[in-house]
Amino acid sequence: MKNIILPIIFLAVALQANTDIDILLANLAQNDDLSNQTKKESAGYLKVYTRSDLDRMKIRSLKELIEQIPFIRYRENRTGYTDPFYTPYQPSLSNGIKVFIDDRELIAPFNGNGLQLFGQMGLEFIDHIEIYMGIPSQSFGLSPATITIKCYTKKPEREQTNVVGISAGSYNSNREYIYSANVLSGLSYLIYFSKDDNNFKKIHFNGSTLSKNKHIKNFYGKISKGNLTFDINIAKAKMDNFMGNSFNIDPANTPRVDVNYFYGGIYYSNEENGIKSSINYSTSLAKAFEDSKTILGLYPIPTPPYYFLYHNAFYKLKENVANIKLSKIFKIKNNKLILGLRGRLKDFKVKDAKLDNLTISNTLGYNKEAILSFSGEDNYLINQSNLLTISLLLNKYNENSVVKNYDALSSRVGYIYHAGNFTSKSFAFYGETIPSMKVLYRNRAIYHQNSDPKKTKEIALSTKFIYKTDKFDASLLYGHTITKHDLYFDGSKYVTTKHQNIHDLFSCRYNYNFNYLNKLSFNAWVSFANNKNLQVNRRYKNYGGYISLFNKIGKFNLYNNLVYKKWDGVSRKEWNFNSTITYLYSRNLTLFAKVNNLFDHSLYDNYYSINPLTNTKTYLSPTESIGRSLFLGLEYQF
Amino acid sequence: MKKIFLIIFFITLLFADSIEDVKAKIVKNIAHIFTKCKVVKVYTDDPYFFDIFQSNTKIKRVNDCKDADIILTKNSKDIKNICKKRKAYIFSTRYNDYKKSINFDLGAFFWQKGRPTLLINRYMINKMHIHIPDSYKKFLD
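Here the protein sequences come in this chain order: U and C.
Per this note's numbering, the very first residue in the first sequence carries number 1; after that it's consecutive.
Per this note's numbering, the very first residue in the second sequence carries number 1; after that it's consecutive.
FYI, nobody ran anything at the bench for these hints, they're computed from the structure.
Incorrect hints may appear among the rest.
[What the hints assert, rightly or not] Below, a list of computed lysine-lysine pairs in the BS3-like style, where the Cα atoms sit at most 27 angstroms apart:
| no. | chain 1 | residue 1 | chain 2 | residue 2 |
| --- | --- | --- | --- | --- |
| 1 | C | Lys28 | U | Lys225 |
| 2 | C | Lys58 | U | Lys471 |
| 3 | C | Lys77 | U | Lys471 |
| 4 | C | Lys77 | U | Lys519 |
| 5 | U | Lys573 | U | Lys202 |
| 6 | C | Lys74 | U | Lys225 |
[Said to hold, decoys possible] Anything over 12 angstroms on all C-beta distances counts as not near chain C; from chain U, calculated:
| no. | residue |
| --- | --- |
| 7 | Arg51 |
| 8 | Asn182 |
| 9 | Asn253 |
| 10 | Thr254 |
| 11 | Ser327 |
| 12 | Asn334 |
| 13 | Ile371 |
| 14 | Glu432 |
| 15 | Asp605 |
| 16 | Leu632 |
In this text, all values refer to a predicted model and were calculated from it rather than measured experimentally.
Even glycine gets a Cβ: it sits at the ideal position worked out from N, Cα and C.
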């Protein structure tokens, strides 16, 4: 015990050498962090990465934060995109993780979730990040998610600077970015541009080279005046699609997709009358190509032999999303009532799709989904110690063509108790999720089904106890979730499970602030699953945790983090050590060195491909979604 | 072992402040570089600092910049013109304003690159022959 405590004490005492003014400035940076203005404690179980945290971590993408979220692991799917709930040949879980940039939900209409595109993008235009776990408040998005990641862009009033940064590292990866943010005559602006060459270890298999390299150019701009904000985001990406879809994992050329993305939005927010409204639009065009040395895929056709084998595929996918939102906060006595009305129109178009020389067209005609949504949330302050929160979300999905319309309901009741240093939060949730447009389309157009899958239903009960002082906070969390009608692919169509899938989740967290310049964060968790739909191995257990230490010693900022995970069915335990050393050379120049997964010991992914003609599986040698990487970089403000 | 926990406990007690308290302490510390007054008189036109007078009795708000020991302003030039006759210690709360007023601002205290930043104007310090404590020399600009 002494071996652990004594170094901590010596460190804490040594840190008193930091002058009073340093500690006061760090204290202000932490306590007046913008997250204190944006975080919503009643919305769920929250983990905040403040501006100071992100600066010291020098995170390169959301990937690094996702790996620290309890109960899940960071994974990439067979095409190399971020998908923590990836299971081979199964549909992506559209309500698993939702990502927001300010009030904008990142959406990919066809797949349902924008995390795949944005999970590995640079975040230097982001000020702080809030991660809500356990199906947070429905007032955030149009449909609930198990985990909601809210990224808030930098506030020009807090920047007043121009910054240029470069970094380079493993496998010739490099990133260059520049941003400017300031206030001029009452007009505040943020302009950001980054160029990212993200290269990873290539895998040689079956005489093919598998690559996850991604080259992304990203522009973000925001202008605000008074209650109005206008923002745009333009991204251009060229991405290698790792394994691709070939039956025998043998692409002849690297599978690849080029994406052009545009987003624009106008936001109105008035704190005085509680009205928020917004309208935004995004469009993307993806051009994908891949081929195989043997067989890339099998396309069902209505005449014998009822399938067509192809060796290369090309298509263009255009996706559009338009959103409109209006919400108002009513404060009536001890009630804070938030009513919201939202509309979303999504459509996609597959163009120039070719499988070898066969032109594929969308004969089904299904390509549009219109969603009308009503949300209501009441936070009733019973007295200074007790708060009751009730929320309801009603969504009506109108699908075009022959696809059936869906209604989805979700509701949540929560009770928060707070007295002195002690807080408890308890929530009960019921929610319904509908399949993504991709699943609805493929089920009918490719697998020739005459019906659509059922909604997935989920019940979640959870409670958390928190003890917080000025120096530390400790918490215990328990959650119990039951899902029914989980969506899965049975080899010939998408269907839903018959029985319940039950999870029990336990987590404890401890954060200790030595003196605002130095802090320690610890988390341990375990999850038990009982999937009654499985014939064998229906009960399984995963566990893990992390320890993070932020220090400032003289002109050095240090961030050290160790993530441990043991995952059922994965032979190797994860010991993922991450470290960043930042040297503050001057007020304007910062140098840093960063290593991710130093021990090269993260969880394995067991990728495989199925050849339905021979009913054989081709396994890729165990590989990792999180590889070891080292980066050196600098940031200069002018 | 008891001693160990006692040390941790006392270290813990060293820090416990609201945001207003922290801002007030920073302003008081800056002011005490230049003035020995026990109660520091502060004039400010920046709403960010309006709440610092609530709890700290060692700083007092004044409504006329001519009565102030230290001035926190978004617009140094205007304040300089208004308070011509007074030897006022002007600290800007905007970086652009400070750069424009480098010939008479004593320093700046503002948010930049997402963190609170303190700058002390070397030119003015030399001109006014002010002694800066060692712990503040790193803020000289």
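Original post:
Between Lys58 (chain C) and Lys471 (chain U), does the CA-CA distance stay at or below 27 angstroms?
Top reply: Since the Cα atoms of Lys58 (chain C) and Lys471 (chain U) sit roughly 25 angstroms apart, the hinted pair holds (cutoff 27 angstroms).
Subject >> Closest CB of chain C to the CB of Asn253 (chain U) still more than 12 angstroms away >> reply: Since the minimum Cβ distance to chain C is about 44 angstroms, Asn253 (chain U) lies beyond 12 angstroms and the statement holds.
Original post:
CA of Lys77 (chain C) to CA of Lys519 (chain U), is that 27 angstroms or under?
Top reply: With Cα atoms ~41 angstroms apart, Lys77 (chain C) and Lys519 (chain U) exceed 27 angstroms; violated.
Original post:
Does the no-contact call for Ile371 (chain U) survive, Cβ to all of chain C over 12 angstroms?
Top reply: Ile371 (chain U) clear of chain C: closest Cβ-Cβ about 36 angstroms, beyond 12 angstroms.
**OP:** Test the statement that Asp605 (chain U) is away from the interface with chain C: the closest C-beta pair must be farther apart than 12 angstroms.
**Re:** holds (36 angstroms)
Original post:
Does the claim that Thr254 (chain U) lies off the interface hold, with its Cβ farther than 12 angstroms from every Cβ of chain C?
Top reply: Answer for Thr254 (chain U): holds, closest chain C Cβ roughly 39 angstroms.
Original post:
Is it true that the CA of Lys74 (chain C) sits at most 27 angstroms from the CA of Lys225 (chain U)?
Top reply: Cα-Cα ~18 angstroms, so holds.
Subject >> Non-interface claim for Asn334 (chain U) versus chain C (Cβ beyond 12 angstroms) >> reply: Fine: 24 angstroms to the nearest Cβ keeps Asn334 (chain U) off the interface.
**OP:** Would you mind confirming whether the straight-line C-alpha gap from Lys77 (chain C) to Lys471 (chain U) stays at or under 27 angstroms?
**Re:** Roughly 42 angstroms between the alpha carbons, so the hint for Lys77 (chain C) and Lys471 (chain U) is violated.
Original post:
Holds or violated: is the Cβ of Glu432 (chain U) farther than 12 angstroms from all Cβ atoms of chain C?
Top reply: Its Cβ never comes within 12 angstroms of chain C, the nearest being 40 angstroms, so this holds.
Original post:
Taken at face value, is the distance from the CA of Lys225 (chain U) to the CA of Lys28 (chain C) at most 27 angstroms?
Top reply: violated (33 angstroms)
Subject >> Cβ separation check - Ser327 (chain U) to all of chain C, threshold 12 angstroms >> reply: holds (27 angstroms)
Taken one by one, the earlier hints fail for this structure at numbers 1, 3, 4, 7, 8, listed in ascending order.
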